[in-house]
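K.L.:
Mind docking chains F, E and C on chain G? Use the hints.
So the chains spell out like this:
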Amino acid sequence: MSRRVRAWVLVLGGLGFAALFAAACAGLPHFGGDLHPYGDRAVRAALLRHTANAVASVNFDQRAFDTLGEESILFGAVLGTVVLLRQTRDENRRPPAPAPVAAPVRRYARLALPVTLLIGLYIVAHGQLSPGGGFQGGVVVATALHLLYIAVDYRALERIRPVGLYEVGDAAGEAAYLLVGTGALVAGAAFLANVLPYGTFNTLSSGGTVPVLNAAIGVEVACGVVVLLARFLDQAVEIEDPPADAPEGAAK
Amino acid sequence: MSELPVLLGLLFVAVAATATVLVRDPVRQSFLLSVLGLALALLFLLLHAPDVALSQLAVGSALTPLMVLLSVRKVRRRARDERREEQA
Amino acid sequence: MNGWTAAGTALLVCGALPAGWGVATGPVRRRVVAQNAMTTLLSLVFLLLAQGFVRTAYQDTALVLAVLGPAGTLLYVRLLADRLAAGPPLSRPLSAVTPLNYVAVAVVVVPLAVVTDPGRALVKLLVIGVLLVLGSGVAGRAVAVAVDAGHGPRGHI
Amino acid sequence: MTRRRALAVLAAGAELLAWWAVLTGLWMVLISSVDTLEWVVGGLAALLAACAARGTRRASGTP
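Those protein sequence lines, which keep their order, are chains G, F, E and C. Each residue of the first sequence is one higher than the one before, starting from 1042 at the first, in my numbering. Each residue of the second sequence is one higher than the one before, starting from 7 at the first, in my numbering. Each residue of the third sequence is one higher than the one before, starting from 10 at the first, in my numbering. Each residue of the fourth sequence is one higher than the one before, starting from 2 at the first, in my numbering.
Keep in mind the hints are simulated off the structure, nothing from the lab. Note that the coordinates shown come from a computational prediction; the quantities given were computed from them, not determined experimentally. Backbone N, C-alpha and C fix where the C-beta goes; we use that ideal spot for every residue, glycine too. Incorrect hints may have been included.
[Claimed, not checked] Computed cross-link-like contacts, SDA-like style, restricted to lysine to any residue with a CA-CA straight-line distance of at most 20 angstroms:
id, chain 1, residue 1, chain 2, residue 2
1, F, Lys80, E, Asp91
2, F, Lys80, G, Ala1138
3, F, Lys80, F, Glu91
4, F, Lys80, G, Pro1136
5, F, Lys80, G, Leu1237
[What the hints assert, rightly or not] Ranges of calculated distance between the beta carbons of each label pair, as one might list FRET restraints:
id, chain 1, residue 1, chain 2, residue 2, range
6, G, Ala1118, E, Ala130, 52 to 62 angstroms
7, G, Phe1242, C, Arg55, 33 to 43 angstroms
8, G, Met1042, F, Thr24, 51 to 61 angstroms
9, E, Ala105, G, Val1052, 49 to 59 angstroms
10, C, Leu38, E, Gly128, 15 to 25 angstroms
11, E, Arg64, G, Ala1213, 39 to 49 angstroms
12, G, Trp1049, F, Val27, 23 to 33 angstroms
13, G, Leu1061, E, Ala95, 47 to 57 angstroms
In isolation and in its complexed conformation, chain G is listed as follows:
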């Protein structure tokens, strides 16, 4: 196809999309209106299952299967990064020199790391009650650990971050989500159906499987992000590119 023909195809497609999009927009309900057919049903179902945060109920109960897909996307993305950013045979590893970090920053990291970690765990554990959940809390937990690289030293991070353990955690989180879904099958319900007792509204034990799935996602996301960043840090800080003229062989 020549450049000209391609441009015409693009124009044609763009025009068609614009016409259909405009027609669809005309049929949308008005912004901020009173009519929310889906929202009303979702909130009613959430309250019926004693889940205070309706969004968590939609994500982990009413449409838990969608969330399984999303979780698997993250899992696959981390896996792909690990494969792509691995150390190849002709790349060398050089231990990085320690970085000078101001003393107050170091002290702040020592205080902020546990506090941030606790806040992340709080966000995971209270996903069914208040805004947040496994994804948000998991990312906060992973960020908390990387305060060690940001505010202390790369080697300090390496000392308390056994990557292998986090790889296992990543897989275990993904597996736990599937196992909870299979548990519902064993109990005689549909895959990922909410089979646990709903509990008392607005307490930590409410929502049936919602907090359990939130915890699984929290573990998966936290470990996945740590593994992801470990690969990035490896490449950016430690691994050197092979010399252009003489490949020196394995450095494992």
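P.N.:
Quick look at chains F, E and C alone, frame taken from chain G:
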């Protein structure tokens, strides 16, 4: 008048997103990306979607800039090494 | 729109948006300082909006931003240390940003604390305030140290 | 030798306990209503964070 905060949030997001696309240098782009993340979080909160706002904050405030800047560091180091080899 | 929402919008227009402009333009030094100011101010905007919407649960966004915002600033300081050290020392307006952050935190958190009933909610609000002051102070200090390190020994990672 | 070791264990325990108490207090501030399960989950989360605090202190070198 009651729509003013939402309108401001929408405008903020539109400007930040356009600027992020137009800037070419990755380091500058990482700064704009963090502004865009904060703008989106604000808009989500104004539209009463705190769950999404939290997701955006968690990802946008430290994780994305870290990944962008680490990639920049790797690419820079490669360029520097190549230059050194040419001089040698 | 009640008073709290109006105050949040005002703080957004007068504080966070100019800070956002500072992050988007100019030398790296100014961008990092403005980034610190922007996360602090936006966290305060979130607190005001949570009060204005009468949803205490929305405070969690401010809480998360109060710990992750400084992490973001420290990250820029860490990974752009050579660029920060390459320029002249911080100008006086830039050095004044961190004290301004403290003032903003006090101006927002104290009235919010006054209208909050004594109890756990009040302590949570104060914890967010303390985290904001600590984080923004340390991040501001880290920028100043990194800029001053212009002639010191290099060797950062 | 054993005495020094016992002292070290005692110091580690005290450090963990202090962090745990502070962090459990923080958890209790963050939540909206207290019940037994909340204490259990909060205590466990605080224990994890306390271990991280000790790990950070040790990894960052200076005491």
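K.L.:
Hints first: check each against the structure and report whether it holds.
P.N.:
Okay, the hints, checked on the actual structure:
1. F/Lys80 with E/Asp91: It holds: about 15 angstroms lies between the C-alpha atoms, which stays within 20 angstroms.
2. F/Lys80 with G/Ala1138: It holds: about 16 angstroms lies between the C-alpha atoms, which stays within 20 angstroms.
3. F/Lys80 with F/Glu91: Judged against 20 angstroms, a Cα distance of about 17 angstroms means the pair holds.
4. F/Lys80 with G/Pro1136: holds (15 angstroms)
5. F/Lys80 with G/Leu1237: violated (48 angstroms)
6. G/Ala1118 with E/Ala130: 52 to 62 angstroms: violated (39 angstroms)
7. G/Phe1242 with C/Arg55: 33 to 43 angstroms: With a Cβ separation near 38 angstroms, G/Phe1242 and C/Arg55 satisfy 33 to 43 angstroms, so the hint holds.
8. G/Met1042 with F/Thr24: 51 to 61 angstroms: Between G/Met1042 and F/Thr24, where Cβ atoms are some 31 angstroms apart, the hint is violated.
9. E/Ala105 with G/Val1052: 49 to 59 angstroms: Taking Cβ atoms as reference, E/Ala105 and G/Val1052 lie about 53 angstroms apart, which means the hint holds.
10. C/Leu38 with E/Gly128: 15 to 25 angstroms: 21 angstroms Cβ-Cβ, so the 15 to 25 angstroms window holds.
11. E/Arg64 with G/Ala1213: 39 to 49 angstroms: violated (35 angstroms)
12. G/Trp1049 with F/Val27: 23 to 33 angstroms: Check passed, 25 angstroms falls within 23 to 33 angstroms.
13. G/Leu1061 with E/Ala95: 47 to 57 angstroms: Because 52 angstroms falls inside the window, the suggested range holds.
Consistency note: the structure conflicts with the earlier hints numbered 5, 6, 8, 11.
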